[in-house]
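Here are the chains, one letter per residue:
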Amino acid sequence: MKASPVAIVPLALCLSTLAATLTQCGESRADAAPGVQGPPPDRLRILVSGAMEGRLEPCGCASGQLGGLARRMQHVGEQRNYDLLLEGGDIVGGAGPLDAMKLMTTSQVLFGMEHRYDALGIGPRDLAMPAADRNLFLAGAPVVASDLVAKDPEWPGQAYVHKDVRGVAVRIGSLLLAPPPALVGPEAEFRHLPPAEGWRRALEGSTEATRRIVFVHGADAAIRALIPSLQPAPDLVVGVDPGWIEPSPVPSRVGKVPLVFAGTRGRVLLDVWLHRDADGPQIACALVPLPGSKTVPGGGGDPQVKDVILAHRNEVKAEDVLAKVVRLHPTKNGAAYVGSETCKTCHQAAWDAFAKSKHSHAWQTLVDAEKDPKRYGWPVTAYPDCVSCHVVGFGEQTGFADFELTPHLAGVGCERCHGPGSDHLANPAKNKLGILGGVRPSELCVQCHDFEQSPTFLYGDKWPLIQHGR
Amino acid sequence: MRSSVLLLLLLTTCSREPAGAPPQDPPVRATPALQPFEHDFGVIPHGASRQHEFAIPLDALDERWVPLRVHIDCSCGHADLRLRKPDGSERFVIPDGSLTNLPAADERLWLRVVLDTTDREPIDLPTTTSQGYVVLQHPEDPTGTARIQWPLRVRFGIDAPVVVRPLATLDFGRVPLSQRAHLVTTLRGDEQHPSASFGAATSTDPNVEVEIVPDGEIWRLRATCRPGDLGNHRAQIVVENSVPGYRLALAATWKAVPDLEAVPLPKLSFRAPLVRAQREDEVAAQFLVVVDHDTSRPPEFAVARIVGDDGRDLAASFAVSFTALPAESRRSRMTVRYLGGLTATTRGSIVLTKDGERGPFLPIELVVFAAKDP
Chain A
1 MKASPVAIVP
11 LALCLSTLAA
21 TLTQCGESRA
31 DAAPGVQGPP
41 PDRLRILVSG
51 AMEGRLEPCG
61 CASGQLGGLA
71 RRMQHVGEQR
81 NYDLLLEGGD
91 IVGGAGPLDA
101 MKLMTTSQVL
111 FGMEHRYDAL
121 GIGPRDLAMP
131 AADRNLFLAG
141 APVVASDLVA
151 KDPEWPGQAY
161 VHKDVRGVAV
171 RIGSLLLAPP
181 PALVGPEAEF
191 RHLPPAEGWR
201 RALEGSTEAT
211 RRIVFVHGAD
221 AAIRALIPSL
231 QPAPDLVVGV
241 DPGWIEPSPV
251 PSRVGKVPLV
261 FAGTRGRVLL
271 DVWLHRDADG
281 PQIACALVPL
291 PGSKTVPGGG
301 GDPQVKDVIL
311 AHRNEVKAED
321 VLAKVVRLHP
331 TKNGAAYVGS
341 ETCKTCHQAA
351 WDAFAKSKHS
361 HAWQTLVDAE
371 KDPKRYGWPV
381 TAYPDCVSCH
391 VVGFGEQTGF
401 ADFELTPHLA
411 GVGCERCHGP
421 GSDHLANPAK
431 NKLGILGGVR
441 PSELCVQCHD
451 FEQSPTFLYG
461 DKWPLIQHGR
Chain B
1 MRSSVLLLLL
11 LTTCSREPAG
21 APPQDPPVRA
31 TPALQPFEHD
41 FGVIPHGASR
51 QHEFAIPLDA
61 LDERWVPLRV
71 HIDCSCGHAD
81 LRLRKPDGSE
91 RFVIPDGSLT
101 NLPAADERLW
111 LRVVLDTTDR
121 EPIDLPTTTS
131 QGYVVLQHPE
141 DPTGTARIQW
151 PLRVRFGIDA
161 PVVVRPLATL
171 DFGRVPLSQR
181 AHLVTTLRGD
191 EQHPSASFGA
201 ATSTDPNVEV
211 EIVPDGEIWR
221 LRATCRPGDL
231 GNHRAQIVVE
241 NSVPGYRLAL
251 AATWKAVPDL
261 EAVPLPKLSF
271 RAPLVRAQRE
281 DEVAAQFLVV
291 VDHDTSRPPE
301 FAVARIVGDD
311 GRDLAASFAV
321 SFTALPAESR
331 RSRMTVRYLG
341 GLTATTRGSI
351 VLTKDGERGP
361 FLPIELVVFA
371 AKDP
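Sequence order for the protein chains is A and B.
Per our numbering, the first sequence runs over residues 1 to 470.
Per our numbering, the second sequence runs over residues 1 to 374.
Among the hints, erroneous ones may be present.
Listed below are several chain B residues computed to face chain A (Cβ distance under 7 Å; list not exhaustive) [claimed, not checked]:
no.	residue
1	H71
2	P86
3	D96
4	L99
5	E121
6	I123
7	T128
8	T129
9	V163
10	L167
11	A168
12	T169
13	S269
14	E328
15	R330
Covered by chain A, per the in silico footprint, the following chain B stretches (three or more residues, Cβ under 8 Å) [what the hints assert, rightly or not]:
no.	region
16	38 to 45
17	170 to 184
18	231 to 240
19	252 to 258
Source of the hints: derived by calculation from the structure; they are not laboratory data.
Cβ atoms here follow ideal geometry from the backbone N, Cα and C, with glycine treated the same way.
This is chain A alone, in the form it adopts within the complex (with noise of 0.2 Å):
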């Protein structure tokens, strides 16, 4: 096995992104060392990223959180020589009115501003949104989908979408291995294409000097399974598995083809330098993560970008769009909710706990971001993102609607863990309440303390803060 050269090497020196922490990897980057040949003439710099699943900025649950389009594109315009922005899709992580707006703001700033991404290998989340909406928000955005074929004429998406860098010239394909299942077959909006029918459809009109770049959606086991069926060989697989949190700095070779993934939720993204010798294709790497500053209001990042995020946030209250998203599916235990005030008549103990806890004030929590403007600035109580994590029973029936009609909710109460407790109520013997869903604890926890969202959370050191019951 070939011994991969890692090295940090200091963002100063590059005007990169600040603390972002470049991790050389793959193949030697030979120009970074002084005293060594140049860069190769057809070297491409390619930004990757993907499956940004609808964070267009990071909450601000917690400090130090990554990402957001703001900063990406700060990084993007400071350093003024990517070759090639690629994006790998999945832009949302749902269908709903919310991401239907999140995937317009986002198209906005990857499509509509001056540094345009060159390919979006659309993911099956992004394929899920309904069509109308996917369809007109992505118009004349460079939607990649080498094995789908659509029936609808307003499908945006292209077999593949063709670069000229420096002479160099490079095409770009995108495969789904699992699209959803309802979009595709003889009644359904696309016809899918067998993989190596789709990258043969990625290349047509290309020539073996062509660089080939396929994204390709899936468990990144199936994507490695799949690349040495891809004939010609691509040059770069980029692999878009929501598996990778965060992009590798170790490059993977599948026979002579380099892999890489391009991580979640846009918090750290890769930084490939691609060429081409007489080994076949050759790859270096570094990572980028994009950490915002503490001092700086709402972290930092290109000013416009964001003006039209906080436009985006501005539209959503304006369009009321919690009102949309709550109250839709129907309770697990088809119970309804009755608030932690009801549970404190008998729970007295148990309430105690809650009431001194910071989940009792969790809503307060965001109307006192709201009034922050070094923080926020911007309807936080309105943003349903926000509002999930700080309330009960949020989507479900008789949960959460809004502050002035169901303030018994507001706040994570004891039904946010135990489920609605309207039949528990009527009958505390009969229907004993658990924990929602029927799951442990810590996994419940991580609904909302996830890795992003509470870095620092450790069961073992929150629980007793909230320890109640036996």
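Since the structure of chain A is provided, determine the placement of chain B on it from the hints.
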């Protein structure tokens, strides 16, 4: 056997309960079956780098698990996996799950965690715990779904010897071509360095000029930014200081923008029934804010032309109005109303001018999508 090992390991991140048992009230602290890798780096002086290595006892597991990758939730941290021989030679784990990533007979697997505060803002960080995990994959797993995560926890704090307030990064934001931007922040030594003093400050970009002025017990850092070329910029400001061995560097960022701007974007798109003119109450969201940053000119804009991408004159199809924004004298709200006359979705542009055909001009992309009349 494999499933029992997997269960055992998964429990390290969950609770003590056996799988399949109904959820129970949680214990105060789970006793992990597989101890996490833990290290306390203590308080790291700002500007320093620290590293720690963990030997990963793969042979303590009752089955072979292939090291795959490592993840750590820390913006200044980096971790990697390497296989090292007794002579010190080493190779890195390639994240492909292949058996070649298993240690050879004379190799051991090491996890290296590096915390580098060099490029962080000079701000104290109270001691905190960052988490991560080492991902292992079973060699016979064809799907990659039966992986395990071996927890990693590192504690550390950061101590900067100076206090930089209110801004530890100088973000000038937008800087229009006709303007200069100014920021002031203050410097002083922290409690351990109360007599710290500060000298000259230099910037890596000549567009940022910096001066340091003593003011009682603090020093004021005044920075002036010229826009330079259009686009994003980053510079580093290095401030001489008396703290032994400490290099104080602040980042400066800005974006040079044209004097004529449309906010948030020079693009307006909306849906309208094409068979009729829009009513006033239908156009509330069809606006942009336009601004002329050049104070040598009056703030008002006028429409020079409205044209389709095919060159057609579309002026008769749209009414454009401007409303000054209260308390923002150079900003106006530009609202567009469709008046009829189009037969299909249309793309074009509204070109604003400051002075008739002499310009300068601000082109705004316009897209009108055909909608059904509700």
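Each hint, compared with the structure:
no. : hint       : verdict
1   : H71        : 6 Å, holds
2   : P86        : 17 Å, violated
3   : D96        : 4 Å, holds
4   : L99        : 11 Å, violated
5   : E121       : 6 Å, holds
6   : I123       : 5 Å, holds
7   : T128       : 5 Å, holds
8   : T129       : 5 Å, holds
9   : V163       : 11 Å, violated
10  : L167       : 5 Å, holds
11  : A168       : 4 Å, holds
12  : T169       : 4 Å, holds
13  : S269       : 9 Å, violated
14  : E328       : 14 Å, violated
15  : R330       : 16 Å, violated
16  : 38 to 45   : violated (count 0)
17  : 170 to 184 : holds (count 3)
18  : 231 to 240 : holds (count 6)
19  : 252 to 258 : holds (count 3)
Violated hints, listed in ascending order, are 2, 4, 9, 13, 14, 15 and 16; each of the other numbered hints is respected by the structure.
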